[in-house]
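A.B. asks: Using the sequences and the hints, build the whole thing.
Protein chains: 4
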Amino acid sequence: MRAAVIHEPGKVSVETVPDPTPGPRDVVVGVAACGICGTDLHIADGEFAPSLPIIPGHEFAGEVVEIGSDVTEVRVGDKVAVDPSLFCGECHFCKLGRGNLCDNWAAIGVSKAGGAAEFALAPVKNLSVLPEGVRLEDAALIEPLSCVVRGFDVLSARVGQHILIYGAGTMGLLNLQMAVRTGAASVSVVDTNAGRLATATKLGATAVATSAAELDRPLGWEIVIDCTGVVAAIEDGFSRTRKGGTFLQFGVSNEDAVAKFSPFRIYNQEITIVGSMAVLHSYPRAAELFAAGFVDADTIITDRLPLEQYPAALDAFRGGKGLKTQVLPRG
Amino acid sequence: MRAAVIHEPGKVSVETVPDPTPGPRDVVVGVAACGICGTDLHIADGEFAPSLPIIPGHEFAGEVVEIGSDVTEVRVGDKVAVDPSLFCGECHFCKLGRGNLCDNWAAIGVSKAGGAAEFALAPVKNLSVLPEGVRLEDAALIEPLSCVVRGFDVLSARVGQHILIYGAGTMGLLNLQMAVRTGAASVSVVDTNAGRLATATKLGATAVATSAAELDRPLGWEIVIDCTGVVAAIEDGFSRTRKGGTFLQFGVSNEDAVAKFSPFRIYNQEITIVGSMAVLHSYPRAAELFAAGFVDADTIITDRLPLEQYPAALDAFRGGKGLKTQVLPRG
Amino acid sequence: MRAAVIHEPGKVSVETVPDPTPGPRDVVVGVAACGICGTDLHIADGEFAPSLPIIPGHEFAGEVVEIGSDVTEVRVGDKVAVDPSLFCGECHFCKLGRGNLCDNWAAIGVSKAGGAAEFALAPVKNLSVLPEGVRLEDAALIEPLSCVVRGFDVLSARVGQHILIYGAGTMGLLNLQMAVRTGAASVSVVDTNAGRLATATKLGATAVATSAAELDRPLGWEIVIDCTGVVAAIEDGFSRTRKGGTFLQFGVSNEDAVAKFSPFRIYNQEITIVGSMAVLHSYPRAAELFAAGFVDADTIITDRLPLEQYPAALDAFRGGKGLKTQVLPRG
Amino acid sequence: MRAAVIHEPGKVSVETVPDPTPGPRDVVVGVAACGICGTDLHIADGEFAPSLPIIPGHEFAGEVVEIGSDVTEVRVGDKVAVDPSLFCGECHFCKLGRGNLCDNWAAIGVSKAGGAAEFALAPVKNLSVLPEGVRLEDAALIEPLSCVVRGFDVLSARVGQHILIYGAGTMGLLNLQMAVRTGAASVSVVDTNAGRLATATKLGATAVATSAAELDRPLGWEIVIDCTGVVAAIEDGFSRTRKGGTFLQFGVSNEDAVAKFSPFRIYNQEITIVGSMAVLHSYPRAAELFAAGFVDADTIITDRLPLEQYPAALDAFRGGKGLKTQVLPRG
Ligand SMILES: NC(=O)c1ccc[n+]([C@@H]2O[C@H](COP(=O)([O-])OP(=O)(O)OC[C@H]3O[C@@H](n4cnc5c(N)ncnc54)[C@H](OP(=O)(O)O)[C@@H]3O)[C@@H](O)[C@H]2O)c1
Ligand SMILES: NC(=O)c1ccc[n+]([C@@H]2O[C@H](COP(=O)([O-])OP(=O)(O)OC[C@H]3O[C@@H](n4cnc5c(N)ncnc54)[C@H](OP(=O)(O)O)[C@@H]3O)[C@@H](O)[C@H]2O)c1
Ligand SMILES: NC(=O)c1ccc[n+]([C@@H]2O[C@H](COP(=O)([O-])OP(=O)(O)OC[C@H]3O[C@@H](n4cnc5c(N)ncnc54)[C@H](OP(=O)(O)O)[C@@H]3O)[C@@H](O)[C@H]2O)c1
Ligand SMILES: NC(=O)c1ccc[n+]([C@@H]2O[C@H](COP(=O)([O-])OP(=O)(O)OC[C@H]3O[C@@H](n4cnc5c(N)ncnc54)[C@H](OP(=O)(O)O)[C@@H]3O)[C@@H](O)[C@H]2O)c1
Ligand SMILES: [Zn+2]
Ligand SMILES: [Zn+2]
Ligand SMILES: [Zn+2]
Ligand SMILES: [Zn+2]
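Residue numbers (the UniProt record's numbering), protein chains in the order written: chain A, 1 to 331; chain B, 1 to 331; chain C, 1 to 331; chain D, 1 to 331.
None of these hints come from the bench; they were simulated from the model. Keep in mind the model is a prediction, meaning the values are calculated, not measured. Just so it is clear, CB atoms sit at the ideal spot from N, CA and C, and this is done for glycine as well. Take the hints with a grain of salt, since some may be wrong.
[To be verified] Dumping the calculated SDA-like pairs for lysine to any residue here, alpha-carbon to alpha-carbon at most 25 angstroms:
id, chain 1, residue 1, chain 2, residue 2
1, A, Lys243, D, Ser186
2, A, Lys260, D, Arg265
3, B, Lys202, A, Gly133
4, B, Lys112, D, Pro24
5, A, Lys202, B, Leu203
[To be verified] Label pairs and their calculated CB-CB ranges:
id, chain 1, residue 1, chain 2, residue 2, range
6, C, Ser156, B, Pro218, 25 to 33 angstroms
7, A, Thr72, B, Phe48, 54 to 62 angstroms
8, B, Pro18, D, Asn104, 50 to 58 angstroms
9, C, Asp45, B, Lys321, 54 to 62 angstroms
10, C, Glu73, D, Ala198, 35 to 43 angstroms
11, B, Lys125, D, Val129, 25 to 33 angstroms
[Claimed, not checked] Simulated coverage check for chain B against chain A, where a stretch passes if three residues somewhere in it have a Cβ under 8 angstroms from a Cβ of chain A:
id, region
12, 176-189
13, 279-289
C.D. replies: Spelled out as structure tokens, the structure:
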């Protein structure tokens, strides 16, 4: 089959590799679309170190083309989306039910061959079967949506609160769509990149601005979500979290980034800071919400390239003009 | 002013009574609309015993027409909705933050003169100021909505779950509207009264039926909400709560009603049963959600009568043909 | 090795069977002690149907005597306790992090050979390593304790509440010991079997009685835990749950048992009913609490017999005179 | 009566002032003991600005000596402890059930005359009646204990976790006593002041050290509680919070203190930071726990002076040699 392969940092090509063979409980998925996200860039740039070479791609959906000998849950032809998580199931955190903190964290497209290929292998338990009407290419968004669902699980917010989101990239906009559909009284979005604010408005933002200072809410927001990973946004967001409110660190900062906060405010105003990391028990629900029409895929997916142009797709994503970039292995 | 007065069980009239005079922290509200609910019927029928005579009406909104000497929070002309709760603030439960379980529970329209009148008195802290655009007559729905918000606080449900609601009366339909806007993967509604199902569909129900057996979900629903108070519905609903799921008792049964359940299932399937009683910390958020357009008032409010026809309005409500019945003291 | 074997309902013997051979990630445990509980009786009596014959025993601890080829986490000689849970990891509930509701629920001593034998096999991930000082025979209590920890996770009670426990058998007394060490303001115990109340007092109960009516608490208890499975106790306990309180169904009723409750009270008093089923993410913490001295094993373990007397041990347990009965395969 | 009076920053005296007169729902308490804490120092030093002059003292207990005309809940002679909180009940946060974040926060001994006097006035709802056996002087510890109960409410920790506390002053030691009685697997205490560690050990600490680096727990603690307010401790504590764990900011830093944290860790390890501010719905439960013997008062209360020596008591507390300093208005 054809597949994108990252051989070493900076060296990515599309080439012919052997087709995958399913183990007894594995399924071979014919990939309809595979999204690109920051993690792929980190792997391609060598900042994140799985053992190379690797076929990248952890956001994908497709059709079942072959099943392992002990698979009864799906059939050839089923439309499926794939949870890339490969928790060990044996470490302290897996035993505590917090597999996303697994001491041996691994994932399809990160530690094992992923979806930037004609075919990809996945354990059957990682599949969510999709109903007939779903457009498979769009379903590659279920993975990022499942991160957002995890974030909202962590927040476990009451209805009727005001939410402020920093960042109107793919993840900020998916958080926005979740927020407007889960009982927020209002959802405001801040992005320094003014070009993205119109999209936020289109997707239901109550107010948008290039700086939160422009938004008229001196008492702050009950919930603030950082979807930038940028320290300036994090510190600004923390300062705008209302008394009694919660700040969610969803964006991924550099490992050595340092943010400042006021411990007096944490105490005196009972501010809560929480973090949300990838996918936990959230993928099947994200698949259901996606199937129920939660996500405006046409707005979020801005670039679709053939698999053969995977290196160009990486560059397009790096350029940051559009939102979600996908490769379509079927053409 | 003109006001409806319940003198004794079965004896309701509309008459001229003295205008209310505000205490220092009170506000006089010119009532735009006052909704009728089961509690009013209970009072009029003598099943529920405040000291009579009383001006009923605990679901109302209007305009500020006079303020007490120490009121600074609102001004004459402000549009307001009124939380009828009058918790004592001093009992065991009030001190625990559970005022809706107050040992000295009282409410405007139940223990003190209510909104079925041209003017009604309320402590300023019970008011939620509404933004300009809001239609005041519709805002009388904020009170029932605030009960629904309490129910959803109690549920504190994760997103992406399947919800089944019994009852498509006003409360079932408000629960439905809340559920479809708070991240449910699907919301089904059952009502033995087939005539009400079309309204449920219009308001966003995924599926409707006169019996849950017709809905194709053998494994059950993660969340089941009873909005009937009828034992047959409660027992059916409990049996259809999915393994690990939650059953919410929102409907008000007779005090001596008895329902059966399987303690083995509670244990073995870790089913949770919770209850939700009136309003707790939920009124201001309901007001915000209402102002944000959460409720389709045109569909829910089916009957609007002048205040002078209060007895007829009670009868209309008792007849149960429409959904929410209101009296409009302004004409 | 020698092992107890249940061949068919009513037919239990101790015999010589082949020693277990570990798979790559398995460990062979030399069993120090194996407790007997109601589940063993159900298997022996044919009320619960794993495929027979089976070596029973799901409450055990011992020493590592052999490790599989890929085991690095423990060494021969380590003292370990064994979580019997064998969740499939692939079903809907396992993916939701609720493995104890696994659609393919299985357990060591129930679906696979258990601890009523000289040696028992367990996946390494099921082991909790114990510190040096621990008495291994007592450590067989970690399994029932881990059920209690699950119950307390479900309760997630605030400190400073009053707790009432029905049943002073092994499980009631372990719940008692947990309650007195987790911030209850008081813990009362009711058992119709007066002979067991002195033990409850010894283990820290604030008050004991053969009927809750004798305990002077007319407003009820914030938390009521049923550890009997008996409908009379459940209904009594529900009626004594205080306004705003929680009833935990820990005891296992017959599958067809029916209990009555007042749906009006659930609503009006916001009573919560929850259930707790076996072990979920709780075994390692139970092992830590046990090692920290949470349990008075000398009081709870009343009967210790050699493995050869397994049938007699079953009968002793059935007789119900003592509390926990164990067999000691080492002599 | 005799009372301590803070006239202006730096000017504290004990003098004769008029006896308090109860309003209809007030109670006059004959103060048995009044504890001194950092807040009193802040008031005396002018860093915290209620309108002066004021009688300080918000930690006190005593006997009812007079009741207002509408008081029926207590009788002259009752032993009581006093919740100093005076939430307005009308602001946004009070209406949300978060009175400790009240926009008009006030308290006995801070905004109104307090307990450093022979007699003190309190609304009847602020009283917790104590059982006969309780030593009234010790009961002045209920107020700081009620802050600790609030902290544990915020934590809502599962049982069986490892806890690390920074600071072995009165508050650290009360947090320690709560932790050892609420199901921690271990509780370690760090204080730079080595002289206080022996007390921590006496009160049940599993391990103590002058630096957390000495404690052998490289993976960190599931729960870390700062009871110092010192940035160095906060930053060290944050760094030792285990993956998936929670850091509680209980200590009060300077308003302009700044602490650094890693937003990457918050995200990647899903670390939670929470704060706990004073008393919320926790006083009555603290009173119950105190009456049940939760606190070793003899160890915590190190200095007892007559009321006449209030200025000396402030200085003793400032000196920081002992732990809790009290004045005893009865002699
Ligand atoms: N928690 C999880 O499980 C999870 C999962 C996936 C992704 N993530 C993370 O989520 C974050 C967002 O992902 P994405 O794909 O949406 O990234 P993105 O496309 O780069 O979007 C981030 C947006 O934030 C804007 N921004 C930068 N600094 C800002 C500031 N100070 N104030 C306001 N806006 C600012 C950026 O503007 P410019 O373009 O002008 O810089 C950009 O538009 C990333 O950190 C990603 O790693 C987290
Ligand atoms: N928890 C709270 O805070 C709160 C607040 C307000 C109201 N409530 C309660 O909520 C409930 C609903 O109020 P509402 O105003 O919506 O009442 P409603 O208009 O009477 O609606 C109840 C609906 O349930 C239907 N129903 C009756 N038995 C049923 C069954 N076995 N299965 C399915 N549907 C069945 C009724 O049909 P028929 O017309 O054919 O009988 C009716 O359409 C009441 O019990 C009310 O007291 C609770
Ligand atoms: N949730 C879980 O994960 C889990 C785990 C293990 C066990 N369990 C269950 O927990 C329950 C207790 O187990 P156990 O080993 O402690 O059982 P046990 O030894 O039989 O103890 C039950 C006690 O309850 C007493 N009792 C019976 N009816 C009562 C009533 N109406 N009021 C008060 N006390 C009454 C019994 O007295 P008599 O002896 O006079 O009948 C007996 O002393 C069982 O149902 C068991 O299956 C649950
Ligand atoms: N959240 C609330 O509701 C609430 C209520 C009451 C009090 N508080 C706060 O709780 C904190 C503790 O009160 P307290 O009365 O116990 O105070 P305290 O007596 O001053 O105790 C603090 C202890 O922390 C030690 N310490 C200082 N820096 C340290 C470091 N880097 N590492 C380890 N230990 C260090 C101090 O040692 P040295 O003596 O050598 O400095 C002292 O022994 C205060 O900030 C107080 O304001 C909070
Ligand atoms: Zn793991
Ligand atoms: Zn009350
Ligand atoms: Zn499973
Ligand atoms: Zn307030």
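A.B. asks: Identify every previously stated hint that the structure contradicts and give their numbers, smallest first.
C.D. replies: Numbers 1, 8, in rising order.
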